[in-house]
Every structure is written in structure tokens, then in C-alpha cells.
Amino acid sequence: MLEILGGLLGLAFAAGFVGSLSGLGGGVFIVPALVIAAHMPMVVAIGASLISVVATSAGASVAFVRDGWTNLKVAMVLECATVTGAVAGALLAGMIPPVVLEFLFALMMLQSAYFSLRKQGDELVPHGDEIARKLDLAGDIPDESGKTVHYEIVQLPAGAALMVLAGIMSGLLGIGSGALKVMAMDYFMHIPLKVSSATSNFMIGVTAGAGALVFLSRGNVSMSVSAPVALGVTAGALLGSRILPHANARVLRLVFTVILILIAVEMGWRAVKGI
Amino acid sequence: MATIANPGISEEDRILRVWTPILLRTILIVSAIVLVVGLFLMATKSPDNYVTRFHAAQRADFIEPTTFVQLLHLAAAGDPHSVLMVGLFVLTLVPLARVAFSFLLFIRERDFAYVAFTAYVLAGLIAGMLLGSIG
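Protein sequences, first through last, are from chains X and W.
Just so it is clear: in the first sequence, position 4 is -1 by this note's numbering, and no numbers are missing.
Just so it is clear: in the second sequence, position 16 is 25 by this note's numbering, and no numbers are missing.
Chain W with its partners taken away, still in its complex shape (with noise of 0.2 Å):
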């Protein structure tokens, strides 16, 4: 259980506001980059899928790559439309990431109650992507 009395800021907590920060910056600029990247490729190689798409997403015609995998092999390749997919994947994983970095450090701190919260977090994130590609 968590310590009832708190004087002053925890070292728990210091971690937390240094490298929350740290870690929600990096994942986002690494993301807005690979996601010019991908634009910038549509435009230049095939500017006329992107538009194809768009009408599509018009009429909630959702046509994607089928598994993350193939997703990875396709965006290596250069293929545009994997490398947006790839950057939004990315950036979708902010939370993940930091819900991820308390958890552990609630572990290395032995802060059990605040463990089980962010572990219940992780797990509701992971169930939402395991459920959305089942139903």
C-alpha cells in the first residue's frame, strides 16, 4: 500500500516528471516525422491513391494492408500508405509507452497499489487492440 504521509515530492514522483516529458516528446517528434515522410511520398509517387482514398474514406470504404507484419515489410519497402499507417501506430503508442514507464518504476519503487492501477491501464490498452482486430 502506499505511504499515507508525504512530505514534499516523492523520488517516485520526480522520475515521473522528468522522464514523462522526455518520453511523450520523443515518441511524437519521432511520429510527425515518419508521417511527413509517408506525405511526402504519396505526393510523390502516387498522389493518385491518395486520392482514390480519400473518396473511399467518403463512403466508410476502408481499404488497408491485412496484417501488421505485412505492414512493416510494405512500409520498409517505401510503400507510402505503410509508412502513414506505421506513423499513426506510433504516435497511438504515446500512452501505451507511459503508462508502460510508471508501471515500471512503481515495480522498482515496490509501490504495489499504484503497480496493479497502471497494470490495469496496460491491459485495458492491449485488450482494445486485441478486441478491435477480432470483432
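One chain only, chain X, in its complex shape (with noise of 0.2 Å):
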């Protein structure tokens, strides 16, 4: 048992320390790492997987919510749509062909290495839409000077838009979606980047919860595998959560990319040759 047991924890413990380096979360590595090293069927995976995003994300949001980062407004309002488009794709996915799952899986995984390498600087726009005044969601952050920067927010519908699909992907694949959540603020929103990562990270927790509740109550969750991963991942989150600001955000970038595109490929032949 306790080979396993260390393996699983081992396997996890890089997934989330990897996952927190790279920005992308837990659940792009831990899915695949369960598949390829660990023998797992696609389901198992994103089960365990789901579960241990949710710890990460609760996690990583202790500091984000208490230094005012996240927007919790934004995130109230969001996650109406993440937790609907959460809950459909959990309940799909006990449907789906695990072929389709995975090339699913590739597809995102791209959609992460894309996003990682094209994030940029902050367009704030000087006034928000009607909807955005209405529901109060604009706020204030600190620049590097430590003086405080207003912004405001608009497309409020593009963005939610796009977060019901973040949200089906999250539940079909055990993922957090974080690189789509953060493009639908970031992009469309025009919310800047260090608020949409931190409102991004929260959400999770509702997105991958969501679809946590529909596996464990269907009974599609191994606890052999799920327990210590979610320890694992959660512990290895923490670490890298620490070692972040020492580390060179560029050279890890590129590095993760490339791990993420050679993933994405391995995750598409396993779903070609299933074919």
C-alpha cells in the first residue's frame, strides 16, 4: 500500500507545485499525470482532479481575498454562470466517450499554452457600462508605486458568456478552466490581470465544486486515489505559492508552455489511437 500511496502522493505533490508555478492550476497536470503515470481512466482522474482544485483554489484565495485582490463582486456575479455550466458538464461527462474527453483534454491544454505566452499589460478603460455601475463592480488596487489605481468594467455578458463554457469545461474535464476565466476578465472585461487571476482563482472553487458534488454524490470518486491526491496537490500548491515571487516569471512561462504543448500532444495520440 505504501508504494501507491507514496506514488500518488509524490505524483500529485509535482502537479500542484508545477501548477502554482506556472499560474495554470493543479488540474491541467494532475489529469494527465493520473492518465499516463498512474494508469487511470479518465474519469477517475478528473474526480480526484476536481476535488483537489477546490482545495487549491481555497487555498491560494486565504491572501488573495484578505490583500484585496479579488473581486468579489465580479466573482458573485460570474459564478452564476460557471456554476451552471459546471454542473451541466459534470453530468455529460459520465456520458461522454473518454476519447472525446480527451481530445477535449489537448484542446484546453493548448488553449492554456496559447494564453500563457500572450498575457499582457493592462488596458483599463476609463468608464464602466450601464450594468457594470449598477451592480457596483468596479474597484481599486495599489500599482507598484503603491498608489491606488481605479477600473472600471465592462461587457459584463461577453464575459459571463464565456464563463458557462469555462464552467462545462471544468466539470467535463477536472479542470479549473483559470486560463478562460482569466481571458474573459482580462480580454473582454478589461479587468487587469493580477485581479482576474486572484477572481479567477476563487471562482474555481464554485466552478470545481460544483462538479465535485456531482461525482462524489453519483459515487464516481475513488477515495484510494482522490484522498491523497488532494493532500498531495494541495501541499506541492503551497510550495510553489511560496517560491513564486523568487522565481523568474519569464523562463518559467516558457518552460511550463512547452511541458503543457508536449502534454497536449501525448493527451491527443492517447485519444487518436483510442479511435
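I should point out that these hints are in silico values taken from the structure, not numbers from a laboratory.
Accuracy of the hints is not assured; some may be wrong.
Claimed, not checked - Computed list of lysine to aspartate or glutamate pairs in EDC-like fashion (alpha-carbon distance at most 20 Å, straight line):
1) X:129 x W:118
2) X:189 x X:-2
3) X:129 x W:20
4) X:142 x X:118
5) X:129 x W:21
6) X:129 x W:70
7) W:54 x X:-2
8) X:189 x X:118
9) X:189 x X:139
10) X:189 x X:147
11) X:189 x X:135
12) X:129 x X:147
13) X:189 x W:22
14) X:189 x X:138
15) X:142 x X:261
Said to hold, decoys possible - If you want the footprint, here are the derived chain W segments under chain X, 3+ residues with CB under 8 Å:
16) 22 to 36
17) 55 to 61
18) 78 to 84
19) 87 to 101
20) 117 to 129
To be verified - Some chain X residues close to chain W (C-beta under 10 Å, calculated; not the full set):
21) 59
22) 93
23) 204
24) 216
Keep in mind that this is a model prediction, so the values were computed, not measured.
Note that beta-carbon positions come from the ideal geometry of N, C-alpha and C, so glycine has one too.
Using the hints, put the two standalone chains together into the complex.
Here's what the structure looks like:
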């Protein structure tokens, strides 16, 4: 038992560590790790991943919320969209053939890779649109010099539409869909990147939680796999977030993007072989 | 409807920023303790059962207890597998707990737009649980 347990803990620790350093979250790495290295079927990997993503989201959110990076109101509005998608996705996950899931997973990994390469500076807008004003979504953050920067928010419906998609992918594939969420907020709604990342991280708890509850109540979660994976991923993510401020972000991002593309190719190849 | 002008940080925002992290951290720690205890019990009481279940998972074969009440009884009796399941359930309740907390706060502050948003999210999470157990 101890060899298996140790192996799973190690694998999960590594996935959590890499996920947190790359800013892409544990899910993108733990699902392929379980499928490729531990010979787990997609459904087991997805269930275990969803639960561990809930843990890492909560862990990282502690500091982000306390320090004011998370825009709680934006999160609560957009969570309506992600939770709808996530429940639908998790229910569908049981009916869709694993081959299709592996293929979709590879696609999402490529989207993450593309996203992590094109991350750029913030484009703040001077005025929010009417919905954003009515819902009081705008916020303030400190800039590098400690001055307060005010940001306004636009295009909430477009952001919410993308969030439904992010939710579906999350429930289907067991990932947080962080890259898609950040893109919706940063690109469509013009929310500063750091706020987008912190808010996406916070929302991932609800997205993955909704999927995880479907899997758990359906009895589709293997305790012997999910328990060590949740513990390992959380520990790895904690270590990653400690090291992150001292690391060279650009080099890290490049290395992880290459890893991501390689895994995407491997998952895509598995899907092709399975057809 | 929420107020349009909002100079500085509102009272509800301040309460959320203080209590959400405390809530998140507490549940995380509790679930981690339950999971570690469960794995320890598993390693001391029934390591063979663990290996059997690991291999069953590789075949996508889930051997799980039937009802939630039954599960709690088994966990209280120290059945390692049920203790693990309870730990994972507690962990998954983290988001539910923090949304429920915001929902109650928005009711108290009479911020009805956000009462509706958080109520919808709560309903979605609960619907997920119910739909999962039916389907």
C-alpha cells in the first residue's frame, strides 16, 4: 500500500507545485499525470482533480481575498454562469466517451499554452457600462508605487457567456479552466490581469466544487486515489506559491508552456489511438 | 438594487474580506486532518483493502457505501474508507460554505441583487448534488 500511496502523493505534489508555479492550476497537470503515469481512466482522474482544485483554490484565495486582489462582486455575479456550466458539464462527463474527453482535454491544454504566451499588460477603460455600474463592480488596487488605481468594468454579458463555457469544460474535464476565466475577465471585461487571476482563482472553487459534488454524490470518486491527490496537490501548490515570488516568471512560463504542449500532444495521441 | 456610488470600501465588502479567508482556511485544515487520519487508519487497519480499491479504480470500478447516513455511521466507527469519504465531502463543501456565508450577509445588508446571485449559485451547487445522486 505504501508504495502506491507514496507514488500518488509524489505525483500530486509535483502537479500542484508545477500548477502553482505556472499559474495554470493543479488540474491541467494532475489529470494527465493520473492518466499517463498511474494508468487511471479519465473519469477517476477528473473526479480526483476536481476535488484537489477546490482545495488549491481555497488555499490560494486566503491571501488574495484578504489583501484585496479578488473582486468578490465580480466573482459572485460570474459564478452564476460557471456553476450552470459546471453542473451541466459534470452530468455530461458520464455520458461522453473517454476518447472525446481526452481530445477536448488536449485542446484546453493548447488554449492554456496559447494564453500563457500572450499574457500582456492591462488596458484599463475610463468608464464602466451601465450593468457594471448598477452592480457596483468597479474596484481599486494598488499599483507598483503603492498608489491606488481605479478600474472600471465593461461587457459583463460577454464575460458571463465565456464563463458558462469555462464551467462546462471544468465539469467535463476536471480542470479549473483558469486560463479561460482570466481571458474572459482580462480581455473582454478589461479587468486588470492580477485582479483577473485572483478572481478566477476564487471562482474556481465554486466551479470545481459544483463538478466535484456531482461526482461525489454519483459515487464516481475513488477515495484511495482522491484523498492522497488532494493532500499532495495542496502541499505542492503551497510550496509553489512560496517559491513563486523568487522565481524568474518569464523563463518559468516558457518552460511550462513547452511541458503543456508536450502533454497536450500525448493526450491527443491517446485520443487518436482510442478511436 | 445595489447602490451606484460607492466611495471606499463598503461594510459588507469589509466583512467578506475578513471572514471569507478565515472560513476557507478553517474548513481546509479540518478536511486535511480528517484525510490524514483516514489514510493513517487505512495504512494500519486495512492496507490490502486500499490496494484492492486502487486497482478497482484503474478499471473505473467504484465500490462505495450506499447512503450518506450509512457513511457517517461507518466513519464514526473508524472505517478508514468512510473517514476518507467524509474528509473529501468536507473539502468540497468549502465553496458551498463561503457562498452561503455571503448569501446571509447580503440578506442582512438588504443588497437584493447579490442575494439573488448568491442564491442562484447555492441552488446550482445543491442541484449538482441532487442530480448527481439521481442520474
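Item checked: 20 Å limit on alpha-carbon distance, applied to hinted pair residue 189 (chain X) and residue 147 (chain X) -> holds, 14 Å
Notebook entry, point to check: Are the Cα atoms of residue 129 (chain X) and residue 118 (chain W) separated by 20 Å or less?
Noted result: OK: residue 129 (chain X) and residue 118 (chain W) at ~16 Å, within 20 Å.
Checklist line | Assertion that chain X covers the stretch 55 to 61 of chain W - criterion: three or more residues, beta-carbon distance below 8 Å | finding: Per the Cβ count (4), the hint holds.
Notebook entry, point to check: How about residue 216 (chain X): closest beta carbon in chain W under 10 Å, or not?
Noted result: Hint holds; residue 216 (chain X) Cβ to chain W Cβ min 7 Å, cut 10 Å.
Note to self: Against the 20 Å threshold, does the CA-CA distance of residue 189 (chain X) and residue 138 (chain X) hold or violate the hint?
What the structure shows: It holds: about 10 Å lies between the C-alpha atoms, which stays within 20 Å.
Item checked: 8 Å C-beta test of the stretch 78 to 84 of chain W against chain X, three or more residues -> Not satisfied, violated; 0 residues make the cut.
Item checked: Distance restraint between residue 189 (chain X) and residue 135 (chain X), which requires alpha-carbon spacing of 20 Å or less -> holds, 12 Å
Notebook entry, point to check: Holds or violated: are the alpha carbons of residue 189 (chain X) and residue 118 (chain X) at most 20 Å from each other?
Noted result: holds, 12 Å
Notebook entry, point to check: Against chain W, with CB atoms and a cut of 10 Å, does the hint on residue 204 (chain X) hold up?
Noted result: holds, 4 Å
Check: Holds or violated: residue 54 (chain W) with residue -2 (chain X), Cα cutoff 20 Å?
Finding: With Cα atoms ~16 Å apart, residue 54 (chain W) and residue -2 (chain X) stay inside 20 Å; holds.
Note to self: Hinted pair, alpha-carbon criterion (20 Å max): residue 142 (chain X), residue 118 (chain X). Please report holds or violated.
What the structure shows: holds, 17 Å
Item checked: Straight-line alpha-carbon gap residue 189 (chain X) to residue 139 (chain X), limit 20 Å -> Holds. Residue 189 (chain X) to residue 139 (chain X) sits at ~12 Å (cutoff 20 Å).
The structure shown violates the earlier hints numbered 2, 6, 15 and 18.
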